[in-house]
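8 protein chains.
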Amino acid sequence: MTADDVRRLLESVRRGETEIASVVQQLTPMTGDLGFATLDFQRRERCGFPEVVLAEGKTADWVVQVVRRMREAGQDCLATRVSGEQFQHLAAEFPQAEVDHLARTFWLPTPGDRPPLVGDVLVVTAGTGDLPVAYEAINTARVMGANAELIADVGVAGLHRILRKRDRLAAADVVIVCAGMDGALPSVVGGLVDCPVIAVPTSIGYGAAFGGVAALLTMLNSCSAGVVTVNIDAGFKAGYAAALMVRKIAKS
Amino acid sequence: MTADDVRRLLESVRRGETEIASVVQQLTPMTGDLGFATLDFQRRERCGFPEVVLAEGKTADWVVQVVRRMREAGQDCLATRVSGEQFQHLAAEFPQAEVDHLARTFWLPTPGDRPPLVGDVLVVTAGTGDLPVAYEAINTARVMGANAELIADVGVAGLHRILRKRDRLAAADVVIVCAGMDGALPSVVGGLVDCPVIAVPTSIGYGAAFGGVAALLTMLNSCSAGVVTVNIDAGFKAGYAAALMVRKIAKS
Amino acid sequence: MTADDVRRLLESVRRGETEIASVVQQLTPMTGDLGFATLDFQRRERCGFPEVVLAEGKTADWVVQVVRRMREAGQDCLATRVSGEQFQHLAAEFPQAEVDHLARTFWLPTPGDRPPLVGDVLVVTAGTGDLPVAYEAINTARVMGANAELIADVGVAGLHRILRKRDRLAAADVVIVCAGMDGALPSVVGGLVDCPVIAVPTSIGYGAAFGGVAALLTMLNSCSAGVVTVNIDAGFKAGYAAALMVRKIAKS
Amino acid sequence: MTADDVRRLLESVRRGETEIASVVQQLTPMTGDLGFATLDFQRRERCGFPEVVLAEGKTADWVVQVVRRMREAGQDCLATRVSGEQFQHLAAEFPQAEVDHLARTFWLPTPGDRPPLVGDVLVVTAGTGDLPVAYEAINTARVMGANAELIADVGVAGLHRILRKRDRLAAADVVIVCAGMDGALPSVVGGLVDCPVIAVPTSIGYGAAFGGVAALLTMLNSCSAGVVTVNIDAGFKAGYAAALMVRKIAKS
Amino acid sequence: MTADDVRRLLESVRRGETEIASVVQQLTPMTGDLGFATLDFQRRERCGFPEVVLAEGKTADWVVQVVRRMREAGQDCLATRVSGEQFQHLAAEFPQAEVDHLARTFWLPTPGDRPPLVGDVLVVTAGTGDLPVAYEAINTARVMGANAELIADVGVAGLHRILRKRDRLAAADVVIVCAGMDGALPSVVGGLVDCPVIAVPTSIGYGAAFGGVAALLTMLNSCSAGVVTVNIDAGFKAGYAAALMVRKIAKS
Amino acid sequence: MTADDVRRLLESVRRGETEIASVVQQLTPMTGDLGFATLDFQRRERCGFPEVVLAEGKTADWVVQVVRRMREAGQDCLATRVSGEQFQHLAAEFPQAEVDHLARTFWLPTPGDRPPLVGDVLVVTAGTGDLPVAYEAINTARVMGANAELIADVGVAGLHRILRKRDRLAAADVVIVCAGMDGALPSVVGGLVDCPVIAVPTSIGYGAAFGGVAALLTMLNSCSAGVVTVNIDAGFKAGYAAALMVRKIAKS
Amino acid sequence: MTADDVRRLLESVRRGETEIASVVQQLTPMTGDLGFATLDFQRRERCGFPEVVLAEGKTADWVVQVVRRMREAGQDCLATRVSGEQFQHLAAEFPQAEVDHLARTFWLPTPGDRPPLVGDVLVVTAGTGDLPVAYEAINTARVMGANAELIADVGVAGLHRILRKRDRLAAADVVIVCAGMDGALPSVVGGLVDCPVIAVPTSIGYGAAFGGVAALLTMLNSCSAGVVTVNIDAGFKAGYAAALMVRKIAKS
Amino acid sequence: MTADDVRRLLESVRRGETEIASVVQQLTPMTGDLGFATLDFQRRERCGFPEVVLAEGKTADWVVQVVRRMREAGQDCLATRVSGEQFQHLAAEFPQAEVDHLARTFWLPTPGDRPPLVGDVLVVTAGTGDLPVAYEAINTARVMGANAELIADVGVAGLHRILRKRDRLAAADVVIVCAGMDGALPSVVGGLVDCPVIAVPTSIGYGAAFGGVAALLTMLNSCSAGVVTVNIDAGFKAGYAAALMVRKIAKS
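Same order as they appear, the protein sequences are chains S, P, V, C, X, F, G and H. For the first sequence, position 188 matches number 188 in the UniProt record's numbering, and the numbering has no gaps at all. For the second sequence, position 157 matches number 157 in the UniProt record's numbering, and the numbering has no gaps at all. For the third sequence, position 111 matches number 111 in the UniProt record's numbering, and the numbering has no gaps at all. For the fourth sequence, position 51 matches number 51 in the UniProt record's numbering, and the numbering has no gaps at all. For the fifth sequence, position 90 matches number 90 in the UniProt record's numbering, and the numbering has no gaps at all. For the sixth sequence, position 173 matches number 173 in the UniProt record's numbering, and the numbering has no gaps at all. For the seventh sequence, position 156 matches number 156 in the UniProt record's numbering, and the numbering has no gaps at all. For the eighth sequence, position 79 matches number 79 in the UniProt record's numbering, and the numbering has no gaps at all.
None of these hints come from the bench; they were simulated from the model. Mixed in with the good hints there might be a few duds.
The calculated label-pair distances, taken between Cβ atoms and stated as ranges, are [unchecked claim]:
hint	chain 1	residue 1	chain 2	residue 2	range
1	F	V13	G	H101	20 to 26 Å
2	P	L163	F	S22	19 to 25 Å
3	C	R168	V	G112	43 to 49 Å
4	P	R168	S	S22	18 to 24 Å
5	V	Q88	H	M30	32 to 38 Å
6	X	P111	H	P29	56 to 62 Å
7	V	A171	C	E11	39 to 45 Å
8	F	P115	S	V23	35 to 41 Å
9	H	M30	V	M30	22 to 28 Å
10	X	R8	G	T110	26 to 32 Å
Just so we're clear, the structure is a prediction, and the values are computed from it rather than from any experiment. The C-beta atom is built at its ideal place from N, Cα and C for all residues, glycine as well.
Construct all of the structure, not just a fragment, from the sequences and the given hints.
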């Protein structure tokens, strides 16, 4: 698209002959090509949020270049599962970013005001060790525009801990439950609410916990019907799906 | 609760001194005790839908007794994974029920008008063999009050089949994708929509499909962020969670 | 041991020179040799209960011969996992035996009075489909001399069902919890009692339930500390271990 | 609960109008809320022993704060699977605690005399490498008030080692057997005793030992009926359940 | 090879110019080509026993044709895992064969005297249900020329059963131990003998026995050093390897 | 597309103004919509062969309707994994089709001459039981236009069987090797040829063969570099990929 | 073979009495014996490329000795999965070699001109993290004489990235697709091309990705028929098989 | 046993009234009790070789104490899977021991002449990386009195390497084959010999090699009947069983 093309397009907007949405799509390049990466610059238009960077498995240099390219393209940039070394490289170039070392998230929004947060995502953990995953979910939901709140360490071995939160649970639009070991909490929560429950198995536990597989199977087989499941330790995915849900609610 | 108790309660309602919701809960017995079963009669109040009967693993006689007891208690009754033998016993006593032999569902609603269906649940299958699971999802979503529509056999080996439905997908509130074998379709759909995708692995396939495990793992590891997963062949759970979502939207 | 040996031994008993327990052991043959089976006739002396016959994997003829030989040896005979065909052959020869087709147990006690049942074993199931396993546990515990009682279908999706049994649970000496699918109930029960909980995973469920493996893993990873586990569908073992426990209590 | 409430409650106790047990429960806060943890302060009343801290998966700081809060609440504090770094932090603040680096346990009892140990828990290992797990079991049983004794390295490849302990085994109330590799010892022990056997698979072994899975499966399939199983390396759980058993015996 | 070639070869033998062994090899066709099968007619020369037919997975007609072709070629013919239908077809054409329906073996030797059996293979089973596998081992060892004897149902839950056979075990050249469920017996036997133990896991058991996998893992991880293992239910392989061993002994 | 559109298009072809390939694509409908199936009618243009019907998991009626619709659309129709019942329904309507009950394939070509077969695909089996899979591969390759030839039952236990085919192997363009049990044959073949080897694990075997998983793993880990693998029993896929390869060769 | 033998052979070649190919084979020693290694010096003649060194699992010294021996024998030497330490040792002795630290490959060709590269191998990755595997494939294909080109990071979550390469894909002789996580890309690519697709699962991903197993299963179950699979992270094998294919094309 | 007892016993030997073998057994203490270990001092009498120390999973101090105690008891001491740290501690106290860092074995024989080695154990490896396992087997066999010889790196991808050793193989009493990756070599060797083959899967390989599981399954499913299998990397067990075999041969 040449400068002339762009000029003609903008004049057409000024004359009210062309829909702004259509122009946005025409002016957004489809991809950012880095040789080692092909960034999807129309993810936001199609899916409601820009491409998110999974830092794990990438060199620190690759991650930095990807973030730089996204910022140049005017895209919000969330990165997850960032390692200590990657954090160091990122901090050197993007000191203004919000980082959370427990949750291993990096967040570099585009400048400007953001709309108020919507909906009510409640993130519950069975134990303290599940917190990194829970915070990955919370951070993801928030940068996507959703309210997200935490209730920590209310596993089923002491039922009164979750039962005294019954009203709080009933008020939520969607509940995310993070649990390792036996992964039993989502089934209990699912029996107390009339909204979807997104279960996140965590790798907390030992022996036959098999790095979260036991909890994953528990959740897939939940006796509570409204429970859906994401990958082990995938707080990011739970927060993402929850945000999509509450945004649908907010729009309606 | 004696007849006098009930009378006092109702008079209090008439005087506007008591909330109707509270009375409903007080008048609903908490459980239906059958010796071999303890029906949860307050599931509807807590979770928005009565307990659903998983027929598999029960004798035909047990299933019939459970349905009978639920009907007596004025509860809508959905049963899933009903066998041929169970259908025969049920048909003898409940000829008015709606049954779907392909989806293996049985539906016996309480008499009276039902509110109009809400929302837009789109159920997509990768292949023809996934249809029984898809219909279990559709039937479940509908009896829970949600609109649910089918797009069949649009797997990724012929991408144009799903791509020509792009606008239909974009309009949905939630998409359920049923796929066996490689289970790749939810990842593709997840990249085209801005709503949650509930992936249902099916047991279609052979060899290293391992009865749906291959598809399940694919879905748990989807590169599309908004994909959540349910158990293998669990059309029921996908339909249930989807209905909870669209009802939240409808209420807001 | 010749007739003379026996006579000398008995005279010694009469003179009070020999402990009766010692004579019992000397007079009990160590094994019953059938060629295809080597019955352990001193199991009762060592372990407190005669050898139990696992009928599965044996021909009907083998099972009948084993039972016959045990009866001849004056041993109580319990058989588990008995098939329909095996039941028929057994009924023809041992019409007086107690059989339970749901639990698939066969029980042929030696004649004479039995001591009163002791202790308090409580058997709880998450669902109705777990009943065959629960009854195998109950039958086993009872023939071993323990009181055993059932609470059925109180899974965690409707927590009030188990919570209203809290006092009953607190009174038990040991609780057996049978659950399939997510296998979450033992963790909840374990948090309510101060006695051991024996968890029995059942093969109820489908897809990623993997024939009880999901429930088994849940139970092995229970967040409640007092939970121990037995094999999938092993109601027999749970009942057996529970009876050993309460008999220890009764003796003390 | 205000100071006045407490005063009234205590006066009622003095007048003999209220049961002490009931007051204990009313005066114990239900939980200790730390934001990252929700301590279950009524676990002791319900289950007979305070909540135990699984140190693994927690930061050293979290563990220290949890122990501090439990001590403030007047609760005995046992922590398991403590890492070297966590031990260092704990030692700095709680030098008086009993620590066992082999068993990785930390024990900080409330001051004052403790009742004499009861019962007879016998802990047996197949090999020397199983000792850390065995000591975790022993330490747990002892802090819960049970006598616990060790017999080490008596695996089945040299049967005479366990056979010469036959009388000692026969005297126990419950036997814990820790074994890795083939996990065969519990089956042999189970055939020698009339009390329950708690089998603990350990991660000792290589190749197809699969980190304890081989031993776990052996134990779940034990041909000795009185064998129950806990998670791999879960000496804690075995000691805990054993202590619950012998306390029941001691109470009767 | 023409008739002339054969004549020249035989004359050369008569003159003592050629080794008989060499001529046998030259006169034996290398393969029997049936289109659907390529029989290895020199297996006997290389490995000491003709090719054995695994009947499972073949049509009855294929099995019959293979046996017929082997008989024509003057080869002893052993078939294993023969189904009922295959037995019927075989019986019609080879009524003189020795068949064992329990072991599912078929044996059609070439006419003529056979050398006396050598060595001492002892086959031991843990339970009665292991007998079909044990007899497959015994039959295989015997047709290969080895003495083979059975000790049945001496599992470790009643140790005295195997201990009283200690002298018999010590006399064996090789012991085959067949066991399902926990598969613990080979470890115990291995600690009592100074000869190799071939362990055969059987598919006896249920739940976490996983069709023999539990026993297989036990055996691979045996704490007794002289234990080697074959496939689940592979009595044939155990008998075959045992026969090779004792034949080596007999030759030396 | 109206009749006029078609006429204009054809006139344009006659005038040489339009490429024939382009018109073929425009005149082929993209899909055949049956409600329960969305046939991909441009698969042939994109991938070189029409969509193939996996009959397994479909009702007989569905299969028949799909075949009928493909025939109407002028597409060659191959169906695989056809059951006995499906064969019966298909035979009633398409008596002219070529069916192979061993390979479970159904082939209904469009009328007219077919081009001569090209290339040299060699299909080798380790055992006789692998033949159904081998024939599925052969039938698939042939209907796709490739020469395909069989060498049966040349497993590695009798190496001379495969070694005497060394020259035949060296001449092939691609070799398909079907093997169950240990799946060792592809590694041996891969070391003898300079063309790709497609390994097909079969479900032949028992016990730890795990329905073909053992062979699959062997093949994935082949020490011969040129070995690629397909799903268990997937003769169809091997034949398909082999045909694509030789067609590329034929075109060049 | 003595010097005289060689002289006679070469004179025979000069006289045109002997085929050069035959002499090459006679003059190439069959193996290079190093005690710890038996190099296969006729691999090139049989399979078209010399033996490739898998460096993983070998000491640095072993690798150096192997490379040295191959160079002495006039063989091209490719080594894969080379560790940092091995690279250091190799660099000290073979500074002229081409090394790729990302792909972990080492390449030491024999001196002299090489024939021009042939064919068109296209290597596609789903993500950036798959690049090391992709480069292993590219390097392997190139040293074997094939053209190989990269398209990076075009996973299915942003379909337009792969769709805009449709023409490039259609032109390839064979496509290699490297993907971790859900492994869905090969199915999509397979539906767009008429050449074989070699799918390489990578170990990119976490949780239920199981180190590449999820992607492996997806690929084995691909709904696109022309997809074959290699081991996890086996870029080498994919590149090798692809090169064999295009060389066959080039020769024809 | 007091000094008097011993004197009486020896006098009885001098008088020829007592068998020497019996006295050896009476004078050997049954166990060496170290608190953390119960050494089996009669293993040599029962099984033909003293207890072997598995160093893995033991502290260096435990290993040293065990070796010291065995030396004191006049027992040969073999330790396997010794770590670098353990070697250092052992070297400080037992400098005269034979250690092999590649095989990770430690050997401290009792002083005095040893009988000549017997039999012919041939150890074959598929690759160079299998050597540590092979040497563990060789060292074990030799210290047990057997001749053991190595053939390295003769995997099936270059068949001529193993085929040219055919005569050497045919001469062996037992062949041990160590192989990782596809584990195909034992099947090939098994088809060339008339003696037992002990297959040792090694953890060499990557991806779907699963640390030796792929090779293990290959070997368990070997199409060669005389193949038995040991645990992954269990060179020790293979060498041990092989030595037992050849000693039986030597004795006969």
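Outcome of the hint check:
1. F:V13 x G:H101: 20 to 26 Å: violated (56 Å)
2. P:L163 x F:S22: 19 to 25 Å: holds (20 Å)
3. C:R168 x V:G112: 43 to 49 Å: violated (34 Å)
4. P:R168 x S:S22: 18 to 24 Å: This hint holds: roughly 20 Å between Cβ atoms.
5. V:Q88 x H:M30: 32 to 38 Å: violated (52 Å)
6. X:P111 x H:P29: 56 to 62 Å: holds (59 Å)
7. V:A171 x C:E11: 39 to 45 Å: violated (31 Å)
8. F:P115 x S:V23: 35 to 41 Å: violated (51 Å)
9. H:M30 x V:M30: 22 to 28 Å: The hint (22 to 28 Å, Cβ to Cβ) holds, given that M30 of chain H and M30 of chain V are roughly 24 Å apart.
10. X:R8 x G:T110: 26 to 32 Å: Check failed, 51 Å falls outside 26 to 32 Å.
Hint compliance for this structure: hints 1, 3, 5, 7, 8, 10 are not met, and every other hint is.
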